Amino acid sequence: MVAMRVPRVRTFLSFGLLGCASLALLPLGCGAKITYPEASEGPRVPDATAERLRECVDAFVGDLPRVQFTFDVVLTVDEDGHVEGVKSKGVPHEELAICMRIALRNMTVPEQLLRLSKVRVSASPAPANGQAAAERALVGNPGLLVAVAITLADLIIEAGPVVIVIAASVELGKSDIAKRYRQKEDDPCQEPLNDCLDSARQSKQGSYWRHSICVACHARCKRNGEWPDKIMMSKWETCK
Amino acid sequence: MSYERESGGEMEGEELAFCNASGRLLVKSLDKERSFAEAVDDFRRLEEEFVVRGCDSDFHVLETRRRIAELILTLAQSKRPPLEVCREAWEDIVRLGFSGREREYTMTWFFADCCRYDENPEEGLAVLLPLVAELERGLEEARATQSDTDFYEYHLEPLLKQRDELLAQQRGEQIPGKRTRRIDEARDSDPDEDGTP
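For the record, the sequence lines run as chains Y and Z.
According to my numbering, the residues represented by the first sequence are 1 to 240, in order.
According to my numbering, the residues represented by the second sequence are 1 to 197, in order.
FYI, nobody ran anything at the bench for these hints, they're computed from the structure.
These numbers come from a predicted model, not from an experiment.
Take these hints with a grain of salt, some might be off.
Said to hold, decoys possible - Dumping the calculated BS3-like pairs for lysine-lysine here, alpha-carbon to alpha-carbon at most 27 Å:
id : chain 1 : residue 1 : chain 2 : residue 2
1  : Y       : 235       : Z       : 178
2  : Z       : 32        : Y       : 235
3  : Z       : 28        : Y       : 230
4  : Z       : 28        : Y       : 222
5  : Z       : 161       : Y       : 235
6  : Y       : 89        : Z       : 161
7  : Y       : 87        : Y       : 33
8  : Z       : 161       : Z       : 178
9  : Y       : 230       : Y       : 240
10 : Z       : 161       : Y       : 230
11 : Y       : 240       : Z       : 161
12 : Y       : 222       : Z       : 178
13 : Z       : 178       : Z       : 28
14 : Z       : 178       : Y       : 230
15 : Y       : 89        : Y       : 33
16 : Z       : 28        : Y       : 89
17 : Y       : 235       : Y       : 222
18 : Z       : 32        : Z       : 178
19 : Y       : 222       : Z       : 32
20 : Y       : 222       : Y       : 240
21 : Z       : 161       : Y       : 87
One chain only, chain Z, in its complex shape (with noise of 0.2 Å):
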């Protein structure tokens, strides 16, 4: 089932109000200085505001808990908290379930990074591989019909080249251009202290 609307309108009262908070939040969670469980906390708190404030149906309940689970998920991808913690902020999107496919392809994709950082492939390519194959198949279709083929050009583009990416760190190849916890790890560790008899 799918929850999609038509974009571009003007928000207005209490869903502007929430997507203004959210977006101020994500840039200040974005900061450098702010942890992802300090993030976390301050994502929480806004939740469970916004839940009253405007919703006047438990789809708009589930709605605003889909948003933030989002908005989660993507913080995780930027300040990497250990995998574990990047799995539980994705199982949170799957047991919300997604609002259509365009956020599942977006979501996907985001955890499968969080995936790549930590050099975790398979669990990855697992969420990653049926997507794909989805999209590629409607890609067929659409060609086959001569339909417009922007949508699945659209959302393949980043899911391929994360699924490369994550079938060459399968074969142990290095990525150029891509960090890891591990690249991270040896880089955040005195050269000097370790490696030495």
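Chain Y on its own, in the form it takes in the complex (with noise of 0.2 Å):
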């Protein structure tokens, strides 16, 4: 696993670069407008992310406490390209930070990003060559498949004097934040169903063609929290 961290001196660089900022992508009438560094390169935040984010700030702008500061986030993706993990920091204010994290969570990973999971890269955090590992990517290090960390281009937010700089970056492969969200609480209804399709009951025909009473019970129990005695068809059928 690439360990991620965004490095301090990007959040300089932004401020830096902010001055000469002049893409305006929602200038709107609602307060804060987004902006990109003009130098920036790479992937940035899709652009139904980044109007998200923009609405989380509008809303709390008025709370925050001073006037600058970066959200260093880390996207954990799976294979799929679903954002299974949101690792954040530097947000002085809880309900703006759970609102970005959300936008966050559901945003679509950019295909161009996908396209680089499936191009090997060594595990080793350290660099080669003054190359990062996305780099390496790219060029094809035969390396041992682990994960690739992407940088994406910084995004701001200007609200007034309140000014965001959102540096964001993609793991992409199986980590521990994806394990960790998949690791929820117990199923009260999974381990019956497996019993109910090893019994008799799983043969029986449900109040519809190729529905079974197992898949009906199963869904009882998703709605009561717990295995139902019995079920309501055309006539009652037992579940257990």
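Mind assembling these two chains? They're in different frames, but the hints should get you there.
Written out as structure tokens, the structure reads:
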């Protein structure tokens, strides 16, 4: 796993570049607007996600205690491009941080990033010849595939005197965060479903064609939070 | 139009093969290590196999597609992909149509729960309230005519609970014991890393 930490220097660079930022993407009438540093390179946060982040800033801008800060965020993305984990720091407002994490959690990872995940890269976080892991991926490093970490172009949201730099990185591949996200509390319906499928009930017709009593019992379990004794079909049918 | 049939009989042949395969796939898909996208791919492959196997009419093909769509929405409610993805699964079911009232009550609950998890109570209530009203009318009529009320009470119970939770959410209240994406988000993040100056 590549331990990706966005270097602090990005923050200073971003604020420096802010002076010449000229690309105002969404100068809406509701305050906050989105810009990118003019010299920014690489993939960007998708526009829809950027807009949702802007809405978050708009909602909480009045509560923010200082004028400039950087929201450092690392997104963990699974092999299918779904954001599985969001680790962040630097936002001095819990509600704003949650709002921004939700926006990023719903992000659709750009296809260009997903394509990079197919390329083998070294697991070592150490730079090679000054190249970052993602850059090595682009030239086809034949090392072991563990993960690919890619830094997105900084996104700057300005709302009056408040300037927020969103410094996001994407990690592609399985990670501890992804596993932890999957390890939610046990599902009380899963094991009884398995038992039902192993029993003689599995061959019993449900109320509709190709509909089994076991699957119907499972659906009732999901709604009631426990495996039912019986369910109502065209008549009462037992689940246990 | 309802496609309901008598329950409890023995399935056989391709119908049993489909129910065995889809049931096993549901268990596999519910595994925490299996992503929603992987599960959907598996179910789509199963669908393509079984719209051919044992289907000798358009009705059989449609019903097979409906069963697959229902299982995908069930998985969406369990695996919590983004609300847009759950909505797509719901719209797929609506497009195919419901085989009967029970199917609509059940699947509507699943979509409404996706809405609750993502704290979008208005969208959940929009699909839920007409069904609650329909069942409450049926219950009243059954009581007035001293008919069996089991059907209405049975289906009302989970829908009323879901409705009350969505209404509470609309009022900005926390629902004890219910997870939301926001709660999971906050839990997944390191508490030391945010909210600090």
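Pair hint outcome, residue 32/Z versus residue 178/Z [Cα-Cα no greater than 27 Å]:
With a Cα-Cα distance of about 19 Å, the restraint between residue 32/Z and residue 178/Z holds, given a limit of 27 Å.
Next pair to validate is residue 235/Y with residue 178/Z; report whether the Cα-Cα distance is within 27 Å.
32 Å, violated
Against the 27 Å threshold, does the CA-CA distance of residue 178/Z and residue 230/Y hold or violate the hint?
Since the Cα atoms of residue 178/Z and residue 230/Y sit roughly 25 Å apart, the hinted pair holds (cutoff 27 Å).
Assess, step by step, whether the Cα of residue 161/Z is no farther than 27 Å from the Cα of residue 87/Y, and give holds or violated.
34 Å, violated
Checking one constraint from the list: CA of residue 28/Z to CA of residue 89/Y, max 27 Å. Satisfied?
36 Å, violated
Are the Cα atoms of residue 32/Z and residue 235/Y separated by 27 Å or less?
Between residue 32/Z and residue 235/Y the Cα gap is close to 34 Å, so the pair fails against 27 Å, i.e. violated.
Residue 89/Y and residue 33/Y: Cα distance at most 27 Å?
The given pair, whose Cα atoms are some 22 Å apart, holds under the 27 Å limit.
Has the given pair, residue 28/Z with residue 222/Y, been kept, meaning a C-alpha gap of at most 27 Å?
16 Å, holds
Do the alpha carbons of residue 89/Y and residue 161/Z lie within 27 Å of each other, as the hint requires?
37 Å, violated
Are the Cα atoms of residue 28/Z and residue 230/Y separated by 27 Å or less?
Cα-Cα ~24 Å, so holds.
Quick one, are residue 87/Y and residue 33/Y close enough, alpha carbons at most 27 Å?
Status holds; Cα separation ~24 Å.
What's the verdict on residue 161/Z and residue 178/Z, does the C-alpha distance respect the 27 Å limit or exceed it?
12 Å, holds
In this structure, the earlier hints numbered 1, 2, 6, 16, 21 are contradicted, and the remaining ones agree with it.
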